[in-house]
Structure formats: structure tokens, C-alpha cells
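Enquirer: Spelled out from the first residue to the last, the chains are:
Protein chains: 4
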Amino acid sequence: MSRLDERASGVFVIAVTPFTDDGSLDLTSTDSMVDFYLEKGATGLTVLGMMGEAPKLTTDESAQFVKRVMARVGPQFPVVVGVSAPGFASMKELSSRVMDLGASGVMVAPPSTLRTDDQLFHYFTGAAETLGDTPWVLQDFPLATTVQMSASAILRIVEAVPSCVMLKHEDWPGLAKIDALRAAEKKGARRISILTGNGGMFLPEEMHRGADGAMTGFAYPEMMSQIVAAHHASEFERAQDLFDAYLPLARYEQQPGLGLAVRKYTLAKRGAIATPMLRRPGPTLSAGDIADIDRLTARLARRLKELD
Amino acid sequence: MSRLDERASGVFVIAVTPFTDDGSLDLTSTDSMVDFYLEKGATGLTVLGMMGEAPKLTTDESAQFVKRVMARVGPQFPVVVGVSAPGFASMKELSSRVMDLGASGVMVAPPSTLRTDDQLFHYFTGAAETLGDTPWVLQDFPLATTVQMSASAILRIVEAVPSCVMLKHEDWPGLAKIDALRAAEKKGARRISILTGNGGMFLPEEMHRGADGAMTGFAYPEMMSQIVAAHHASEFERAQDLFDAYLPLARYEQQPGLGLAVRKYTLAKRGAIATPMLRRPGPTLSAGDIADIDRLTARLARRLKELD
Amino acid sequence: MSRLDERASGVFVIAVTPFTDDGSLDLTSTDSMVDFYLEKGATGLTVLGMMGEAPKLTTDESAQFVKRVMARVGPQFPVVVGVSAPGFASMKELSSRVMDLGASGVMVAPPSTLRTDDQLFHYFTGAAETLGDTPWVLQDFPLATTVQMSASAILRIVEAVPSCVMLKHEDWPGLAKIDALRAAEKKGARRISILTGNGGMFLPEEMHRGADGAMTGFAYPEMMSQIVAAHHASEFERAQDLFDAYLPLARYEQQPGLGLAVRKYTLAKRGAIATPMLRRPGPTLSAGDIADIDRLTARLARRLKELD
Amino acid sequence: MSRLDERASGVFVIAVTPFTDDGSLDLTSTDSMVDFYLEKGATGLTVLGMMGEAPKLTTDESAQFVKRVMARVGPQFPVVVGVSAPGFASMKELSSRVMDLGASGVMVAPPSTLRTDDQLFHYFTGAAETLGDTPWVLQDFPLATTVQMSASAILRIVEAVPSCVMLKHEDWPGLAKIDALRAAEKKGARRISILTGNGGMFLPEEMHRGADGAMTGFAYPEMMSQIVAAHHASEFERAQDLFDAYLPLARYEQQPGLGLAVRKYTLAKRGAIATPMLRRPGPTLSAGDIADIDRLTARLARRLKELD
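Sequence order for the protein chains is U, Z, S and V.
Take this note's numbering: the last position of the first sequence gets the number 309, and nothing is skipped along the way.
Take this note's numbering: the last position of the second sequence gets the number 309, and nothing is skipped along the way.
Take this note's numbering: the last position of the third sequence gets the number 309, and nothing is skipped along the way.
Take this note's numbering: the last position of the fourth sequence gets the number 309, and nothing is skipped along the way.
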């Protein structure tokens, strides 16, 4: 088992949770999905996040799914598990369970009621105490949680809590936050890993500002892995060319609420999972949406050929 | 087992969930709390609501707690169980489990993402389909959920879904909504029971507008049962005198976020539960808060003597 | 002209803005309203606040109204004017105008988009720079603004900005905030005046925690002035007895959205203003609401006699 | 003067309001900006919208700015003016003033407190009554207003209010809403014009679903006019090629809060306005942001050459 630490980098794909058409967990698709993500360049996986429909799973299903993923990726591959919960007791229970199964770390988002810096500090130090020495990722996703965390609020948590090793960065706009965190490190603040979200919609700029990679679930994970690789090879124009090719589809997948349905449709179309089923209640694609996606993926294929 | 229907009235106390000082379920206090609520005039109980710290319980704990409550109240006493959940699968699972244990019905609150009338209609018709023929209570609590439901949106759901038998009314302000619902019934809309919340802070006025009673958790349930009784006996000034006596304390308990700690402190002080413990994360009373409550309860005792 | 400073205390009544039945400014009622507030014990007035329908006035009307109020109260009586505005240019313009007219200070609420401590600090230091040496009141009213300010965020602003002399305290719950601010002063933080809002619903407790008085608009300002006086005379039970008598009506007036209509109805009934007109769009009282208020005011009169 | 009606189509550019470096209105830049927009294919202009910093202008400045714009565009060119205001009296005053100056219509956004369909209906029928026979645009921009309007809520307003002639569509996701509105028209609902926002980020798809054009302020208005033209010529792939070229920059400009600073920087760089000044309080671009924009505009120029 690898333990997540502040040197983590690359692409941690936010995995969907596959269901069969009757709504039960699809473990066969879990295997094929894991294979797909690895093949497309994932250096880690994040499961049971918001886009993994985690709140719609029972505790037993969550454990069953994590177990299957762990078995497929093998013991050395880092897997982060979302353990956000209304109570610390449940957070501890799920966290212990998945760490025992071999997870590398867990991810915690703030409850939507938090507002002030002091409330954030109080909540996350409490969560960290609950999690013991389990390394954890601070999830900053204001569009979904309605909670805004300034760079200084994050730095205060990072300073007080050594087990916080990574920021899942998904503020929007968020580039100034990466600047501020990296500037603070230069002045002596403890370094943490910063992996970015937002469907990859700002990945080239985020890498320039000091991100270590991406943690997001766009149905073409190769976009993220290729951009990160090109960035590290200082091929910045190449990185941006790739980005531009994928952007029309990435933008379409990034529609709030509807996005997961777009993502699962695309993953099913690419053969990663058997069907695009979401658990209820959830959004449904219209014929027009499907025509849009089909058109955009066809254009993407042509554009990638031009770039070769 | 009694099945909840649209004739339900009186006082359904929103029960707290008692914990021991180490944070585990306190089943002994569960018994004493149930006895206390019944002795103070409860005609029904509602468990696993927002004020029951339901989201902090595991599924097993939820079932264990409901079972204990059911055993104590006996088969004929109506118990409503909160089953709000992010996914319909979990809602169905918990609902089936508690109905098998003998619950009279369940309660469903809207997820905080819903906004438009159509979204509400879509969500609740989906939930109702999931719940099958289980009678259910529509929970309208904008201050907590951020979801606002107009009278017409409620009526549309009531008309389409026969299994919706009650409104847990907790809008603020909310008197006009009771007016509108009862006016619609006079014009032919299906009747539902309306039990009101907000800690009883508007109970006399709500009864005048046509409420059937209260569903709230103020630590002096006798306030609600006496006001409802006085109202039915047309002793309106008596009802208001009682209300006025309890109001200073009810107001103090109604502070958002802090209120449950006030409530549990008072229940412990009254002997209903062993300790005022809340599961983490949760608010804590300061010495000043405790002094306030002690002062207010002492004044209440004196005032009630004057009224006798 | 008196300048507002950190020693301000007593009752600053939040004045309504009277309109005639055709919706124009009612300057005759402005005079009678001012007389009424002074007669009931106001030690200051706050105009053009949220409950003064300020955003519904044109700039010229605002100046006209402030001028009339200033003329009536005379040069030594402190008047605070709400100058919250989306842009600093408008804030400066209105502020200069009313200070020239003889106002004692201005009041600024945070725009609803602010979330983090840093955003608050940035906004209020910018506002203070705009206001120059005009003394100003920091308005903390999360229920209306959706902005939450921790005690430490407030202290940071107070420390950086000497012209911030008062907190209009209206958080809910908010007692712990007064505790924290007064505790910080004991450790050396600069003192500011704290006047509390929330319609007086927690005034006895707020005085115990260290408030200097009230700044709110309950239609019976004598409640606030008598409680503050009783508190200063250490007649705490007397203060609470008075409070309890007014509470049923204060609670009714405190209904969000509807409350201003209740307040203006009551003020008109008491003869302070000619008609209860609100500018559109605004709420309207139903016959049931009016019956409630009439019943509650009649009960209040009886209860006050009993207390005499 | 042309009156806005339900046949309006093309590109109504949301104009910025230019300021000089000392923060005063820049009327010279107003002229050059208008010329720029017209040259780039605008078929209409919308001024004093949210992105026009309207709330930061005084009433006199607003009128002065509108007058200057009207003089520059001439009497036949349609100009829509944002008149959203907390009170109907102010809305009427501004509306009358700008219609007298020759505006074609006005635009109204819902106040952020509205939630239910009934509240929306009540508000907009009241606003329409206030506006008399002035044609108006219903602004649907949930990300900024926090108000969500379903297609059925919009249709109800459209049916009741003949003076509502256009939807400024800016929901996200929003394609299904266009589908629903156009489907309703096929069943007999009154037609309205639909111009879309969101910085043009979904313009090709929106045109497919039945939009009549765009009303947004992306600093390259030629993107919108060319896409609309290509769409009408049934050159769909050409439309999408153009879109894809501009998308990386459009995405960057679409960052909430920061976007207007990006837009004004780009407009200044293109010579449309003299300086990128925003009125305070407002966001500021960092050196990194400026480097990003410069890089993206350089890439855009190259990409457009390739497409020629």
C-alpha cells in the first residue's frame, strides 16, 4: 500500500460509479473502467467523490466498490476515497474501512453550512483528529458546496494539520489561489500537492501557476495526462494545442448537474462501462444532448488526427 | 400498526437521538425519553429528523434506534421516521426497514438543490413512486433546506400523489401558506394534515389558521399539547397565556445551529435523557448559555405557578 | 453636530420611511414619526437601513428624507445613515451628502457576494478609505445579507480601521459573538460600541453579554429603552418581565419579509405615521395577520397593566 | 426609434461602461466602443446590464451614458437598457428616462430573494404593470441572481404579459430550456425572441435548439456575429470551427467575478476603450492573468489565419 503524501502528482481520475440498467452496482464495469483509466494515463484514482454518486450508495456498497477497485489496481497504485459525511463517527468508520482495504488516503469536503475562516479551521481540525494519521485531501469546490476557502484559510489548516497533504483545487476562478499557495511555500509554508478539477477546463494555466496535475473526471483522461506530460517536457504550445482540441467537449461535460450524465454517456460510448445509467434521482440526456455529444466526439477525433 | 393518514392531529414530538458521553447510542435514555414525551402529551413521535441528528447515524444505528422506540411506544402509537436521502435507493431501503418495524409513515425533505416548482414536482413524484404505498409527510423547512415551496407547488404534489398525507409546516413566515392550503381544500383540493414546526413559536396563530397540531421538538412538549387542547376547547386566551409563558424559553431554543444543544441540555435537566451529548461535529453551550437557560427555566416555573 | 464614537449606547431606533398612499415620501409623517421615537426613549436614530426601504428611494429622495429627519431631531441628536451601495463612488457621494446635512455617522453592510475573512477585510478597508474620516457602523446581518462574519474577522477590521466605531450586531445566534468581542477587548483590542438588532428578541441576554444597547426598529421602542434602563439599574428581573410582555408581539414582527408590513401597521395604529404603506414590490398583510396583531397589541396592553 | 419585439435576432452586445483612470465616465471611449461593437457585427446593444457595472453608476451617470450611446448609434439601431431595481418606482423612473432618450426596450432581472414560480409571476407582472407598454427582456441568469426559472414559469409570464418580448437566456445548463420554450410555441404559446448569454460558450448548440442569436459581451463580438451568420447559412461545421478557435479565450473571460476585468483588458488591447479601468470595488488582473490573456489572444490570431 502506498500512502498519499505531498509529492503526489500526475492525474488522479475521479472515477464514476458504474451501475447496471436496474440500478445495482456494476462490478464488471468497475473492472473495465479501472482498466480504461489506467490505459489512458491515470497515475491515481479517486473514488466515491461527488461525481461518483457516493451519497447514493449504502455503506456496504461503498465498501464493496472500493474493494473491487483496489483489487483491480493492485497494491501499489494510489487510490483516494471520498469520506465526506455529516458526522465524524461515519467519517471515521468509512475511512478506517477503506484504509484497511488499502486506500492511500481520503478526501474531505466542507459541509455546506460553513462560512467563516474560523468555522473552516474548527471543522477541518476536528475532522483531522477523527481521521488520526490517515493522509487526507482538502476538497475545495465552491460551486458544489457553496463554501469558499481563501488561500489564507487553507494555509492555516495546512500549518495546523500535518496529515493534510493535498488540495483538490476546484475554485472558479482559482488561478490566483494557486499563485498564493505557492508564494506562501516560497516563504516557508509547508508544501502540499495541488491537483486541479473543473473538468480540466483550466489545466494548462493551472500547471503554469504551480499545480502538480489534475484530479478530475473528464471522460477523456488522456487529455489530462498528455497535457501534464507536455508541460513537464516544457512543450507548452503542444499542451495548449491538445487542450484546445478537447475543450469543446470538456466544456459540454462541465455543465453543472447534467455533466455526470454526459460523462457516463461518453464513457459508455468509449467502452469503459457497459451502460450510462445514473442512480435516481439524476439527470437524463435528451436526444438533442446526445446528438451534440456525438457531433463533438466526431469532431474531436478529426481534430486529433490533424494534430498528429 | 397504525398507518398515518390525513386525519392525523395533536402533537408529534420531534425526538432527539440520545447519546452517551462517549458518543454511542444511548438506548436506556431512548426509553426514558419516549416515556417523557408520552407523559407530556405526545400523540405521535417523529424520529430521525434533522433535529434527531439522523445524518450522523449509520444505517444500522438508525434501525436499532427506531426498533427501540417502536418497542417502547407499542404497536398502536404512531411513529413517523425521517428517510430523506440523496438517492432513492437508500430512501427505499430505510423506508422499507422502518415500515417493517411498525412505523406509521415516513417524512421526506427536498434536497437543497431544488428550486423551481417543476423540480419539486419531479422530485416528490419520484420519491413517492419509490416509497410505494407508504404514507409520507412532506417536510417544508426553508431555513434548513434553502428550498421554498409555494402553496400551489404543494397542492400540485398533493393532487398527484395520494400517499402524501401530511405537511410538516415549517416555513417562516408561514401563516399565509396554511390559509392558502385550507382555502384550496374548501374549493375541492384533497385534505392533508398540517402539523407545524418552528419550535412552536407560532402555534396559537397556526391553530387559528387551520393547523391540526404541532410537529416540533421543543423540550417542553406539554406547551404544545396544552395549547392544542385549549384551542380545541375554544379557550383561546388560555392557549395564548400558556404560549406566552413558554415563549422566552422557546425563543432561546429556536436559535439556528445552537438550538439542539439547548434542547438536549433542557431534556437532560428535566430527566428525559441522561446527558446532553451531541455527536461531533456539533455546537457546545457556553457557561453564559447555560446560565441563560437555567434562568429562563426558573422563570418559567414561577410563571406557570402564577397561571395556575 | 455630534460625531458617532465607540461610547455610543442606548437605543438607536431603526426608522421606517413613511410613504403616502400614492407611494410618495410622507414628510409630515416623517416629523410625527421622529417625535414618536424620541418620546419613546430613542437616544439615536438610524435611517435608510434595510428596514427603511432605502434601496427603493432615489438619491434625491434619500437626501430629502435625511434632511427632514435632521431638521426635526435638531443638531445634537445622533443620526446614523445607511450608505451601503454596490459601488464606492455612490457610497462616497451619499455619505458626503448626509454628513454635510449633519449626520453623526454612516452604516455599511457587506455585499452578499462576500464569503471569506480576506474578502471582508478587503471590502471594508476599501469602504473605510472611501469614507475618509467619517465614523461608521459595521452592519452584521447574515439572515438578510447571507454574509457571515466571525468575531475574529470583525476584530481584524476594527484593528485596521479606526473609523469603525460600532457593530450593529444582528447575527442569529449571536450571543457568543458579543462574548468573544468583549473578551478580546479585555485582552487589549480596541473597544467598539455594540448595539443589537433582531427586533430586540434577545435584548436581555445581549445586555448581559456586554451590548451597549439596541439598534432595531420594533414598533414599541419603549421596550428597548426600558430594558436598557432596567439593565443599567441592575433590575434584571424587571428587565426580563418587560421583555416577556412584549415578546409575543416582537416575535410576530420579526417574521422575515413580512415584518416591515407588521411594523408599519403597528406604527400607524399607534399614530406615529399616517398610513402603513410600503413601496412596491412589498408584502401585504392579510385580514388574518391584522387580526393577529390587533389581538397581540390588546393583550400587550393588559399585560403591561398587570406589571405596573 | 425602433421598438424591440419578439422578432429580434442577431447579436446584441452587452456593452461595458468605460471609465477613465480616475474612475469617471469615459465618454470618448463610449463612442469608440460603440463604433467597435458595430464594426464587429452587433445588430443591437444592451447597456447598463450587470456586466456594465450599472449598480455602480448614479442615476445621472446612467442617463448621461445612455444618451451618449444613443447619439452614437443613431435612431434606428436597437438599444436595450438594464433597469433592474429594488423598487418599482426607481425602475419606472429609469425606464421612462431611457425610453424618452430613444431606447428600444428595457431588461429586468429578478431580485435574488425570489424562489417559487408564484413569486416570480407576482414580481414580473408587477414590474410589467410598472413599465406600461415598454417592451422588456426577461433576464434569466441564475449564476448571478441565484434565481432559477423553469420553462413553465417563463411561459406563464410570457402568456400573461404581452410586453415581455425577449428572453435573455443565461441558465447553465440551459439547452433544455430552449427546447422546452420552442416546443411550447409549436403547441401555441406566444413566440418570444431568445438571445443567449454565458459569454457565447454554448452558442452553436443554442442556435441549433432555436435561439435567435446572442446577447453577451465577449470581447470578440465577431465570434458571435460570424457564428450566427454561419448558422443561418447552414454552415454548421464552419460555425463550430470558428467557435472552437475562440473558445479558449471565451472560457478564460467567463470566469465569474474576474471576467469583466479580462473583458475590459481585452477591449482596451483591441483599442475599443482607452483603459481597462473598473470602478471600485472590483477585481484586478495579476501579471499571470495578463500573460495568459496575451498568450491566448496571440494563439487566437494564429488559429484564425489557419481557418481562413
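It is possible that part of the hints are untrue.
Identical copies look the same in the list; a pair holds intra-copy or inter-copy alike.
Dumping the calculated DSS-like pairs for lysine-lysine here, alpha-carbon to alpha-carbon at most 30 Å [to be verified]:
1) Lys178 - Lys270
2) Lys306 - Lys187
3) Lys270 - Lys188
4) Lys93 - Lys68
5) Lys93 - Lys188
6) Lys178 - Lys306
7) Lys41 - Lys187
8) Lys188 - Lys41
9) Lys178 - Lys68
10) Lys270 - Lys68
11) Lys68 - Lys188
12) Lys306 - Lys188
13) Lys187 - Lys68
14) Lys93 - Lys41
Note that these hints are calculated values from the structure, not bench results.
Enquirer: What are the numbers of the hints that this structure violates, sorted from low to high?
Expert: Hints 2, 3, 5, 6, 7, 8, 9, 11, 12, 13 and 14 not satisfied by this model.
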